[in-house]
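There are 4 protein chains.
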Amino acid sequence: MNDARLRRDVPPEPLFFGEGEGTMLFFENDYGEGAHPKILEKLWETNREKLPGYGADRYTASAREKIRAAVGAPEADVFFLAGGTQINRTVIAAMLAPWEGVVAADTGHISVHEAGAVERTGHKVLTLPGRGGKLDAGGLEDFVRRFAADENREHMVFPGMVYLSQPTEYGTTYTAGELTALAGICRAAGMRLYLDGARLGYALAAEPSLTLADYARLCDAFSIGGTKVGCLCGEAAVFPSGAPPHFLNTVKREGALAAKGRLAGIQFDVLFTDGLYGEIGRDAVRQADRVRAALDRLGYRQLVRTNANQIFPVLTREEYERLSRRVSLAFWERLDGGDVAVRAATSWATEEADVDALIALLEEEKRR
Amino acid sequence: MNDARLRRDVPPEPLFFGEGEGTMLFFENDYGEGAHPKILEKLWETNREKLPGYGADRYTASAREKIRAAVGAPEADVFFLAGGTQINRTVIAAMLAPWEGVVAADTGHISVHEAGAVERTGHKVLTLPGRGGKLDAGGLEDFVRRFAADENREHMVFPGMVYLSQPTEYGTTYTAGELTALAGICRAAGMRLYLDGARLGYALAAEPSLTLADYARLCDAFSIGGTKVGCLCGEAAVFPSGAPPHFLNTVKREGALAAKGRLAGIQFDVLFTDGLYGEIGRDAVRQADRVRAALDRLGYRQLVRTNANQIFPVLTREEYERLSRRVSLAFWERLDGGDVAVRAATSWATEEADVDALIALLEEEKRR
Amino acid sequence: MNDARLRRDVPPEPLFFGEGEGTMLFFENDYGEGAHPKILEKLWETNREKLPGYGADRYTASAREKIRAAVGAPEADVFFLAGGTQINRTVIAAMLAPWEGVVAADTGHISVHEAGAVERTGHKVLTLPGRGGKLDAGGLEDFVRRFAADENREHMVFPGMVYLSQPTEYGTTYTAGELTALAGICRAAGMRLYLDGARLGYALAAEPSLTLADYARLCDAFSIGGTKVGCLCGEAAVFPSGAPPHFLNTVKREGALAAKGRLAGIQFDVLFTDGLYGEIGRDAVRQADRVRAALDRLGYRQLVRTNANQIFPVLTREEYERLSRRVSLAFWERLDGGDVAVRAATSWATEEADVDALIALLEEEKRR
Amino acid sequence: MNDARLRRDVPPEPLFFGEGEGTMLFFENDYGEGAHPKILEKLWETNREKLPGYGADRYTASAREKIRAAVGAPEADVFFLAGGTQINRTVIAAMLAPWEGVVAADTGHISVHEAGAVERTGHKVLTLPGRGGKLDAGGLEDFVRRFAADENREHMVFPGMVYLSQPTEYGTTYTAGELTALAGICRAAGMRLYLDGARLGYALAAEPSLTLADYARLCDAFSIGGTKVGCLCGEAAVFPSGAPPHFLNTVKREGALAAKGRLAGIQFDVLFTDGLYGEIGRDAVRQADRVRAALDRLGYRQLVRTNANQIFPVLTREEYERLSRRVSLAFWERLDGGDVAVRAATSWATEEADVDALIALLEEEKRR
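Protein chains in written order, with my numbering: chain A, 3 to 370; chain B, 3 to 370; chain C, 3 to 370; chain D, 3 to 370.
Since the hints were made in silico from the structure, they are not lab data.
A virtual CB, placed ideally from N, CA and C, is assigned to each residue, including glycine.
It is possible that part of the hints are untrue.
Label-pair distances were calculated between CB atoms; the ranges are [what the hints assert, rightly or not]: (1) 299(D) to 151(B): 28 to 36 Å; (2) 40(C) to 244(B): 34 to 42 Å; (3) 153(D) to 47(B): 52 to 60 Å; (4) 215(C) to 189(A): 50 to 58 Å; (5) 154(C) to 328(A): 20 to 28 Å; (6) 131(A) to 43(C): 48 to 56 Å.
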């Protein structure tokens, strides 16, 4: 692409958001504030403790143990990395053989919005059409059967893993039945199952039929997101029945090993103390439920029916223009006819009063 | 390697340190504590501000401007990444053409201790013998001349960049004269010069002949380390005359783009306010100078003569055993004859009293 | 995939073909015989000449000059590589910036049947739905426009190149109008255009509106296939306005530089002497036309209407079973209802009598 | 490198050789002629046979069986690839885990003259000082012991394989004792042993203590070079106890799978019929021995004492200038004092009379 405007990428300017800074009502995303106060407190409290680096400190050990207990897998390997794309590409590349690729919904984060990070590791993302962001068991089974029957398969990329995001990029969640079906197909076909839990805390509340222990039972690896669930940064990679060999070396080689491993260790230790991780998820989903109920009551359409912390209202152009001056929402897509789908997200930082104010604005629009 | 002991890498256990935790005197490294208090304070203060993600917030913009001013390069591109290996491999790969490799001292961090991260991006590290961790201008010039004269060069890896660390892994620093000579060779040969400043704050104090503006003038890219100079995490990549095209996309693809860009932005904004970065470096080097003076006075040998924040005393086996029970030091290497070289590091967190106590222990040893 | 049968890949057994060896009538593919006799003769004739290696010999120079003349681009850079996947991945990777991927039809060879070779170089294949194997200008334009308008594009893979195969994997060809439209979109958007001409000789005959000079005028790079057009092995990469810098080094690094460069040089020198390349294409397409006419006359359906050297008849299950005992055809796919699409290919080696015999068999089927 | 002269790489010009073409006496290399006549004959003879592609033909099967018999490993997997760099990078990458690199002598072909092909696959070449091109068992053992004892090893590249070339780039050969010692170290340390046999035919004659069966017994993989031992192109990869899984897919992905697999299959079938491979090696080494004897008799120095088909005479500047006008020799290096080391190579194509003529020239020089 040679459009001069496209070349402009330095320095980065606001990428997603019209106006994110300031005092405007904020529903643009779930990473707009710093950290849950309990996390900052613990960082203060431990700040002068002299701890070994590279994840060998006592807080990281404690966080690991608490996660093992929470997921019901005492033998699980747990690693802490800094970000979502980083954990996805590192775990995926480490679990694939050179001849394998990873199957994902065409709307999956790794398929679209990670700048080709998985391909950069040498592996193909094999996309299947998603429905509301979700991979369909029937479609996957059919794909696998056709691959196995293809006489040309040695000239093709082998499906070695299935990637799911929970909740998906469209705010939907897999049910226990759906995840069990997908996991069954994976096991039957010798594919690993990896679940991207960048927002897993919100899925735990939205889809109570699936507990952390269920994810550990059904997946070969999954991430527990911190960045969007109360941390400054940090994602936990959980391998219920063991990580790939020398995974620490892989993390180092991928540039994802923090000298001050304590930063992630302390944060996850707090998240998994006294049920904070679950509490954050429940609070945010409760607020999102209030928004959804208001949208329905007021007659707003939604692009996708969601149940976690993201909501996709459809607005008229006028509604969109007026609302965006008073509340920060993420533009999602322009629909045929001129309507605009936006994304509103709640988070650990969303207050009851924020939602009251948002609902008041939505009501005001409908009273015009 | 199939030694069972070597296979054990999961979960990570203390890698470098005998005993790092607890209340023992600590000189093991410069990343053993959390963050400089001013940084933590600012994180608290800004915690509830709603800011755009991915580095588009006002603190990141401010930090970028302050760094541009500090390095005297108003057009510089500045990016913030999380860690040292990450910034090294991302910057190096982005600045090399596919047919190029990076020249480094054989003791360089990228040559030895980054688990092959640069090679993972497809580029060779071309090593030359270092002296006290430093690359020698004469050796580099000779290497370049031989390469240019080699009729087989199209079958070889082209030297496209020179990598230096300042201070080096051996605690030494390049002087203004040395760096100027190396930069001249690079320019004459069309090679880029990249300087790994993971501990640059300490070099600024140790080698006052080189200012931040000098690094900006002589290097095509350099990093300003935060993790080892008072941050929880974070390194700044500075490109004095512009970053490679679409570097933000590269950072994303490499898994190094933080959703909460504010974390690095706020930290670096503090570091570059009221001269804090320089102050941290001066304090730590002053304490290191005190240790060096005591070692000389007491007749301890040093493996390498250093001037920054790392010191490499040589101890007898008995001294090593006794001292390691009371002060945490990094084992460096066992010398012929049984003596042990250790590394002691000061940091932003080293107190005057810590050094007093260390000197007292060193004196006690010599009184035996 | 863990099906034991799938694991069986060593040693390779016939991959595509039921029974390829022997005296059965052969229309399975266009690489079933050795080399055009004129090529073998020249290999004999020059066998004892002592020539420099790595493409520096006089035959390679001559072949390069003849190709430059044939494509009407006296400044073109021309390189000879051994195979199709090799030339595709080497040229594509060399012409893409790190943040770019290559756009291809979802049925493109690089999308499906090169085992992830392009991804192995770190680049994504961005697929668009093909029609009869062809990429559609409207679809491409729409894709490019949407990408340029996407505010998230720095988190996405930039389309840096368009890949076309001519003829396509489905035996169809782009017309002059179609190729001109696609090239125009590429130029407007700053994307390079690469045309995979593994079977280009057959396209020259099938689509006479496009000459070699047209390909050179419209494409940034294209390949002239030898393996399937009379050579033992070998493909020419043509860069009408110059190859990427140090492309020879890239070829070496990719393992695609032959010590005995003479092998490709001599073969292409023969192919481009006295119009042999064009003649081979015309003969094969003439035979394919005879088959197509017979199919139409006899009432056989075709999966795709083709005009080059590949034909895709649709057979009933019974026809397929009987015919496959007497003529070697490539199984293509099983259609709903039980019919079978097969591929028949003509080549430089197809004799008039072969086609007579095939037509006789087709007639016999319809007489039943 | 920005020297304009260095940028000139397109089109390739003679890289290694002053004057290679013509009727001058030729000892420049062992790939200056076409193919052994028996090979060309067989290519003619089989040219019109219709055979399946991708190595599924009967000649490839036969060649594979003959090689299995010759190496005494009936279960060996055997694959045919086109060139030396290609087979090295493909086999090495396929046998290394992501955290592993390959140990080689600093003069090894993969260390210096393959344009970074191994690094391009993501793996580091860990170099040790060679002696006369050979890796030393003592040095390797020491390296492995130090690595295993290094507490930082999870931050380092693990040595996963040892690469040897036989004969080496300096024309020397490992003895049975040396190879056994190196293989023992590899097995003890869990490293694979790969032997690059680009010129293996000549080693078989030069080092009769090592038979093909010995290589199969001692190595995890080795190549049997064809390009420099009578073929137009082609190298066999032999995995005595089995290839890595899906190696065919790897070969395809690396762009190294030939559609006309028959080309390599037929050539190797001929090479391994009636002992031709051994015969070629013996003839060439016998001629090289004659040259070595003459050099000694006439008082010429040699840069390295060799025993295979490469010889490295040291000439005065005047001798070099005069001789290079009458015999094509490869310039090797300029020594201190102005003398020139050259390389003379014999091959399957070297005639008794060629050597007579060379010896006459050498005598003439000494008579001056």
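Against the structure, the hints come out as follows:
The hint said 28 to 36 Å for the Cβ distance between residue 299(D) and residue 151(B), and at roughly 34 Å that hint holds. The hinted window of 34 to 42 Å between residue 40(C) and residue 244(B) is violated, with their beta carbons roughly 55 Å apart. Our hint of 52 to 60 Å for residue 153(D) and residue 47(B) is violated, since their Cβ atoms are close to 40 Å apart. Checking the proposed 50 to 58 Å range against residue 215(C) and residue 189(A) shows it holds: the Cβ atoms sit about 56 Å from each other.
Taken as a hint, the range 20 to 28 Å holds for the pair residue 154(C) and residue 328(A), whose Cβ atoms sit roughly 24 Å apart. Restraint check, residue 131(A) to residue 43(C): a C-beta distance of roughly 54 Å satisfies the suggested window 48 to 56 Å.
In summary, the structure is inconsistent with hints 2, 3 from the numbered list given earlier, while agreeing with the others.
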